[in-house]
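As a plain string of letters, each chain reads:
2 protein chains.
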Amino acid sequence: MTLLGHNYIGGGRSGEGDVKLLSIAAATGEAHAVPFLTATEAEVSAAVDAASAAYPAYRALPAEARAKFLDAIAEEIDALGDDFIAEVSRETALPAGRLQGERSRTSNQMRLFAKVLRRGDFYGARIDTALPQRQPLPRPDLRQYRIGVGPVAVFGASNFPLAFSVAGGDTAAALAAGCPVVFKAHSGHLITSELVADAIERAVKKTGMPAGTFNMIYGDRVGAQLVKSAGIQAVGFTGSLRGGRALCDMAAARPQPIPVFAEMSSINPIILMPEALKLRGDAIAKDLAGSVTVGVGQLCTSPGLLLGVRSPELTSFIEKLSAAFGGTNPATMLNSGGLTHYNGGVARLTQLPGVKVIATGGTSYTQAVPHLFKADAALLFSKEAPLEEEVFGPSTVIVELESREQLLDFAAKMNGQLTATLQAEIGDLQGNQDLIAILEQKAGRLLLNGFPTGVEVSDAMVHGGPYPATSDARGTSVGTLAIDRFLRPICYQNYPDELLPAALQNSNPLGLLRLVDGEPTKAVVNDPRTA
Amino acid sequence: MTLLGHNYIGGGRSGEGDVKLLSIAAATGEAHAVPFLTATEAEVSAAVDAASAAYPAYRALPAEARAKFLDAIAEEIDALGDDFIAEVSRETALPAGRLQGERSRTSNQMRLFAKVLRRGDFYGARIDTALPQRQPLPRPDLRQYRIGVGPVAVFGASNFPLAFSVAGGDTAAALAAGCPVVFKAHSGHLITSELVADAIERAVKKTGMPAGTFNMIYGDRVGAQLVKSAGIQAVGFTGSLRGGRALCDMAAARPQPIPVFAEMSSINPIILMPEALKLRGDAIAKDLAGSVTVGVGQLCTSPGLLLGVRSPELTSFIEKLSAAFGGTNPATMLNSGGLTHYNGGVARLTQLPGVKVIATGGTSYTQAVPHLFKADAALLFSKEAPLEEEVFGPSTVIVELESREQLLDFAAKMNGQLTATLQAEIGDLQGNQDLIAILEQKAGRLLLNGFPTGVEVSDAMVHGGPYPATSDARGTSVGTLAIDRFLRPICYQNYPDELLPAALQNSNPLGLLRLVDGEPTKAVVNDPRTA
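Respectively, the protein sequence lines represent chains A and B.
The opening residue of the first sequence carries number 1 in our numbering; numbering runs sequentially from there.
The opening residue of the second sequence carries number 1 in our numbering; numbering runs sequentially from there.
Here chain A stands alone, though its shape is the one from the complex (with noise of 0.2 Å):
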């Protein structure tokens, strides 16, 4: 394992700058030896001439090219030995079990897109063929599909060292798609990140991808450079609410704005019923403990507030849950910066007229401890939505409301989630369907008897919803669909056969399901101009 602490750019190794970042232990605030430099001015815009240089090339490969690149990434993720699981766990305080899963999860992602490309319907091929006898004017051939939208600047989590951070998500679907990447790394994994970024420049020269089409720079104030670089034409972030919202302003102020992707803040709430409550009231509380526990409670879709209408039910349920939360414990969260901030939201909560804290996780100075709250129900129509500012970290805030109506009163007004959760039986939901149809409208994914940790990379999965859990409602960061942001559509109009790209051929070499006149087929078109 041998760490440079240089950037990555167009294939090689760069390290201009004196600034230095280094690589802290989480448990121990212990640093490791090998400095971090952070990119130079002149880094960041060479990072970003590289995958400008490396697009046209990467995006005119077949998908099959692509699709063996990402196969070639999740090989070499996969063979980081424990070696490497020990480092992210120092760096990240996270337990190897789960970061072994979070790199099965990680390498598993890449392979679901190589799919995608091999499956093809990304393109999103349409072919309206020529109609010469038209009156009054004959229809010309126009062929569309869509292409990457260039060179995307990808923002790493912390809390994934490994799904969302430099092979993410966000680094898939975009590479998928024919993007060259820039990653701007987490200063907290720096080796992590390193060894990750190690293991795609191999899969970018064993696969004979361009120089230029992954690239990684270090830094805590080189974003705004990167996002504001006019070769960037799309930006992937997971992270704080202020972070994101920032990077979109300075897209939207550029001379050529461009979309901005980020996945940044929602409480996801659970709405618990009386008869769920009733026959499962033990294995929810327990549940949910874990649930809001779980990665020290530094999941995005972590429960930050639980729902239910005043009953005897609710009553003995929080009893319960109170249990439940007594029987967890403090632990480490993923840097010092975080505790910090989690613990300034517990005492932020903790002082709120109305709010008391009904169990705790034990005591501790140097680790998160968890936290149950229980509030009034005033607190949720009030104009500052206290309750309604995520806590990252292992707490969750329970509220009694007074009646149904009061509960569709706040769902109605209740700001856009990642996630809205109902623990309900069939006789719960009966007369609830309206309280679905606004969860519909709030959510990017609504669960019934589940917990919101725990999302499922799949072709159905949306990781999303509407402002602020995202900044952009239309997308997903999780699952296939994640792919749609970073293509654009474009038409070929009276192109002969041979000019076509692949996907839009008379004779479908690709083998794709395409839209041709309307009717999905996958059949080789019957072009009348060639007739």
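Source of the hints: derived by calculation from the structure; they are not laboratory data.
All the pointers check out, no bait thrown in.
Which copy? The list can't say, so a pair holds if one copy fits it or any two copies do.
DSSO-like, lysine-lysine: derived pairs with alpha carbons at most 30 Å apart:
no.	residue 1	residue 2
1	Lys286	Lys442
2	Lys278	Lys356
3	Lys383	Lys228
4	Lys522	Lys115
All of these numbers come straight from a predicted model, not from anything done at the bench.
We have chain A; now place chain B onto it with these hints.
Showing chain B alone in chain A's frame:
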């Protein structure tokens, strides 16, 4: 034909304002007697509220119900008679024949979106069935489809008073997506707007759509409030770069930023190759003069820049084109503001060192005179890019380049475009794949041996392109893909079959082609949860 001049709000009419707009005859400047009342701040809010109130019911309608609504609008538009066409012609100076064609285009556009609704691919239905036995963790049942984003603000264009206005492409796409519309009427065709809005309202009532599904407000200064209104979730716009960018900036600065799909500015370059000029120079010159002057050059896809590498064929072609322009005539523009703007653009080019007028189509003080300019190639590379500024009207600029390399250089630095056209024979194209690859990066639609004016409304059309052609290259404002702009995905996790929307139910009651466990199929889902 009863004209009221009041705003359309929630199925009723409202005229509280005291700022009046008048319908002006384009040819004579005469004002129509009926005043149109600018919406007050309260009326703008009321229109957004009406759309917001309609949204839950409207989006929840079966797609077939929305299809019937669009079909009904189409019927009502077709039924607008000769007196309607005469009024539109009076307001716009567009000839009756063109407007009759545009009326058909507008109604057929509605019918095409009805077909999309019936085809059902807009749902983007994806199902990942549960894997209860999977290790280490089971996979839950996950199902995704797309719903309308919410109320959409649409700003109509002046140049297509029917097809890009009240019942135009943006309105059709938004209504199809399940999004109520608040339309800002263009002051250039107020009576036209009112008559078309009446047609839509008749369709609303005939098909029982919720009141507030369609709303329309008058006023030159109501747009900012509309875009800033919290209820509005997306914006469609066709117009100037300045106007479109201002809306983008406003939308990005909202507490909740929203997407703006603005189609703004394009010079639609045409590249002229020697063999094509040799074989078809006469025809190209004639057709090109026609394409530049059709609709008095007031088309988004009007060719504003002609490029060729110095050759005897090009020299000869320029003579032919000059002759063809000499045979064109002045014509009345949509309004006097347009003429002033066009004359300003012509004056700017005329005074530019390195540019000369080589042909005009007559003289006039009250009408737009077609102009053919010839410009030095160096101007293409000047920092101010004076030849890339759109002149909206019947003029174009031809540039003789020194070499193929210079052409490639310019193509690579050129702004984003709606279209890029090659006039070329097979011999011309040999060795020019690199040029085509560059054009793919620059434009939404690539044409071979046609002219960019005349935008087919179909599945494969792209009327979009990189900035400043549009604000978001991932969208199109013409063709069925336009619906995608107003849809967002939503995922249901572990919802029982009976609570799922029809599009996602096991039995596939809508007969959709769905992506089930990674395979496209119309089959019934084999649900392990109920097996």
